[in-house]
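Asker: Below are the chains, spelled out letter by letter.
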Amino acid sequence: MLLARVLEEKLASLYRAGKINGGVFLGKGQEALSASLGMSLRKGDIFAPLIRDQAGRLAFGEDILEAVRTYMGSALGPMRGREGNVHRGRPKDGYYAMISHLGAMISVVCGGLIARRFKGEKGVVGATCIGDGGTSTGAFHEALNLAAVEKLPLVLLIANNQFAYSTPNDREFACHDLVDRAIGYGVEGHKVDATDLDACLDVVGRAVARAREGHGPQMVVASLLRLSGHGEHDDASYIPEALKAAHLGQDCLKTAECTLLDRKWISPEELAELTGSIQQQVEEAIATVQREPAPDPATETWCALATPGLDDTFCA
Amino acid sequence: MITYLEAIREAQAKALTDDPRVYIYGQDVGRFGGAFKATKNLAHEFPGRVLDAPISEDAMVGSAIGAAIEGMRPIVEIQYADFSTPGFNQIVNHAASLYWRTRVPCPITVRLPSGGTAGSGPFHSQSMEGVYAQYPGLVILTPATVEDAYSMLLEAVAIDDPVLFCEHKYLYYHLKAEGLPTEALPVGKARIARPGRDVTVVTYSAMVHEALAAAEELSGEGYEVEVVDLRSIKPIDTDTVLASVARTGRLLAVGEAWPWGGVTAEVVARVASEGLALLDAPPRRLNAKNTPIPFHPNLWGTHRPTAPTVARALRDLLRL
Ligand SMILES: Cc1ncc(C[n+]2csc(CCOP(=O)(O)OP(=O)(O)O)c2C)c(N)n1
Chain A
4 MLLARVLEEK
14 LASLYRAGKI
24 NGGVFLGKGQ
34 EALSASLGMS
44 LRKGDIFAPL
54 IRDQAGRLAF
64 GEDILEAVRT
74 YMGSALGPMR
84 GREGNVHRGR
94 PKDGYYAMIS
104 HLGAMISVVC
114 GGLIARRFKG
124 EKGVVGATCI
134 GDGGTSTGAF
144 HEALNLAAVE
154 KLPLVLLIAN
164 NQFAYSTPND
174 REFACHDLVD
184 RAIGYGVEGH
194 KVDATDLDAC
204 LDVVGRAVAR
214 AREGHGPQMV
224 VASLLRLSGH
234 GEHDDASYIP
244 EALKAAHLGQ
254 DCLKTAECTL
264 LDRKWISPEE
274 LAELTGSIQQ
284 QVEEAIATVQ
294 REPAPDPATE
304 TWCALATPGL
314 DDTFCA
Chain B
13 MITYLEAIRE
23 AQAKALTDDP
33 RVYIYGQDVG
43 RFGGAFKATK
53 NLAHEFPGRV
63 LDAPISEDAM
73 VGSAIGAAIE
83 GMRPIVEIQY
93 ADFSTPGFNQ
103 IVNHAASLYW
113 RTRVPCPITV
123 RLPSGGTAGS
133 GPFHSQSMEG
143 VYAQYPGLVI
153 LTPATVEDAY
163 SMLLEAVAID
173 DPVLFCEHKY
183 LYYHLKAEGL
193 PTEALPVGKA
203 RIARPGRDVT
213 VVTYSAMVHE
223 ALAAAEELSG
233 EGYEVEVVDL
243 RSIKPIDTDT
253 VLASVARTGR
263 LLAVGEAWPW
273 GGVTAEVVAR
283 VASEGLALLD
293 APPRRLNAKN
303 TPIPFHPNLW
313 GTHRPTAPTV
323 ARALRDLLRL
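The listed protein sequences correspond, in order, to chains A and B. When we follow this note's numbering, the leftmost residue of the first sequence carries the number 4, and every step to the right adds one. When we follow this note's numbering, the leftmost residue of the second sequence carries the number 13, and every step to the right adds one.
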C-alpha cells in the first residue's frame, strides 16, 4: 500500500513537471482494497487489474520498474513504448494487460479460467476489478452472466468510489446497492468498507477463498471515495466537500498506519524509516528508467501480426 | 459429394481431432449443432469441447481471447456475421491488438456466416469483412469454394493471429465438390478462378460465382474474362491482381459489401497506385447498393451484384 502510494505520488509529480507522456491515474484511497486482492491471490492465479490497482499489481508481484518504465515510455518496459501508464501486464504470467474499454477484461479472465479448466488445473482463481461506472457497460453484464453460467472461479471486485470521472452514482445506476445485483446473476455477493484494511483483507480474502473452493463467481462491492482526480489532469472540484469529510472520505492508508501504531505493531520511528526506504526505492527506480532508451521508430517492426508472413505488405 | 457447409463441419472435426487446444464456442453449437448445422454431431463426438454460449458476443470473443492467452485455440461461431457487432470491441480492440501490445499471440478463429440469401433481410445478410479489414492485427479469409472452406478453416485455426473466417451462407448448400481437398494454396495467395485476356474481375466469396457466370455469358460474345478469387482479403495478394491486370489491361472489382470504401476500393486503389500504366481503361467497381439489405427476393436480387449486372459492367468496361 505504502509503496503504491509513494510511487503514484512520485509519478504525479513527474506528470506535473511535464515528464510523462499521456495521463497519470492514481489509486489513492483504493490501496487497501486493491492490495487485499493482490495479497489474496497466488502465483498461478489470473489477475486483470484496472486503472486504480497499483497496490494490487505490486502485491501480485509487479516490479515497480515495470510501472515506471511503462509510464515513462522506456523501450525496456513490458510494453516497449507501444502502450503507456496503466495499460501494462505480463499475460504469460497470469497478469493480464487491460485494454481501455471498461468491462472488457471480465470476459477475458473468464476465458483464461475456461482454458485452465480444459487443462485440468484445480484451485485456480481469476480476479479482475472495475469501478462503479464500469458496471453500467454491456460487457460487464455479458461477462458476469457468462461466469455464472460456467460457474467459474472468478472474483470481481467493484470499487464503488462514488464517481465515474465526474458522473455521480445516481446518474450511473438506479439500484439501491450494487451488491443486490449478485443475486440476479446467481453469484455470491459481498460488501466491504474499503477505507478499512482489516475489513478488506477479511472480505476479499474470503471471496477469493470461496472462489477457490468451487463456490463459483464472487462479486465484492467495496465502498470508498476516490481521493484524487479521475486523472492528474482533473481537480475533481465536482466532489462535494461534505462527502470528503464523511466516513467514506477517510484515507485507508492513514487509517491503516494509525491502526498499526495503536496496536504497537510498528513504532513511529520504524514507520518513518520504512517510508524513507520506500521513497528511496522509488527514486532509484525513476533514476534508472530515466537513463534508459526510448523506443526507436527506426527499429520498430511496424507489424501487428504474430505471423509476419501474413502481413499485408502493401500496407507496410 | 460434399457441400461447403459440410466442409466447414469436417474442418472443425479435424481441428478438434488433431489439436487438443481447440474448442468451439457459440450459440446453439452444442447438441443442436448450430443454427446452420455447421457443428452437427461435434458435441457428441467431442464431449465437453463444443460449448453453447449465452447470447453475449462481446463475452464470447472476450473469453476466447482469455483462453488463447492461456494457450488454447478457440473457434467462436457467431450465429450471423451481422451479430458480430456486439463483439466488435473485443475483436478489433482486444484480439487484434494483443500480440502487438504484449507479445502474446491471440490464435482465435471467429467464424462469421456472411452475406445475403433470399429473404434474410437487413440483419441476417451482411458482409462485414471490409469493416474489420480496416483494423491492423487481423487475418480475414473469404473462401469461395468447398475446398477453400475446408483447407482455409484448418489453416485459420493453425494461424497464431486472430482470424475472421467469413463463410458465405449462400454457398452453404449451393456449392458441392467431389470430396475434401488434399492440398491447397496457402492463405494469402489469390487464385485465378478462370483465365482470360480481355478483362480482369477481382472478387471473392459468393461473388466469384456471379463473376464466373458473367464470364461464361461474355465468352459467348467473344470476350475472355479473367476471374481472380482473392481468397483472403487481409492480406490481399496484390501481386496476383497486378499480374492479371498486366495481362488484360482492364479491371472490375466486385464485392457484395456496401460501396463506400471496402475491399473493392482497396483493390482499385492498389492497382491505380502500382499499376496505372497497365490499365487501358479506368478501373471500375461494382458493389451492393448503398442501402440496408432488403428482405424481398426481388429487391435483394437487385441490391447485390449478380451475374447479369457483372456482365453489364464488364461490357461497359470493355467498350471503354
Ligand atoms: C467503454 C468505455 N467508455 C468510456 C471510457 C472512458 N472512461 C475511462 S475511465 C471512465 C470513468 C470510469 O469510472 P469508474 O468505472 O467508476 O471507475 P473509476 O475511474 O471511478 O475508478 C471513463 C468514462 C472507457 N474507458 N471505456
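Among the clues, some could well be false.
What the hints assert, rightly or not - Calculated lysine-lysine pairs in the DSSO-like style (CA-CA distance at most 27 Å, straight line):
(1) A:K95 x A:K154
(2) A:K46 x A:K95
(3) A:K13 x A:K247
(4) A:K257 x A:K247
(5) A:K13 x A:K194
(6) B:K52 x A:K122
(7) B:K52 x A:K154
(8) A:K122 x B:K26
(9) B:K52 x B:K201
Rather than coming from a laboratory, the hints here were simulated on the basis of the structure.
Asker: Against this structure, judge whether each hint is valid.
Answerer: Going through the hints against the structure:
no., hint, in the structure
1, A:K95 x A:K154, "holds, 24 Å"
2, A:K46 x A:K95, "holds, 12 Å"
3, A:K13 x A:K247, "holds, 23 Å"
4, A:K257 x A:K247, "holds, 14 Å"
5, A:K13 x A:K194, "violated, 32 Å"
6, B:K52 x A:K122, "holds, 25 Å"
7, B:K52 x A:K154, "holds, 26 Å"
8, A:K122 x B:K26, "holds, 20 Å"
9, B:K52 x B:K201, "violated, 30 Å"
Violation of the numbered hints given earlier is confined to hints 5, 9; the remaining hints are satisfied by the structure.
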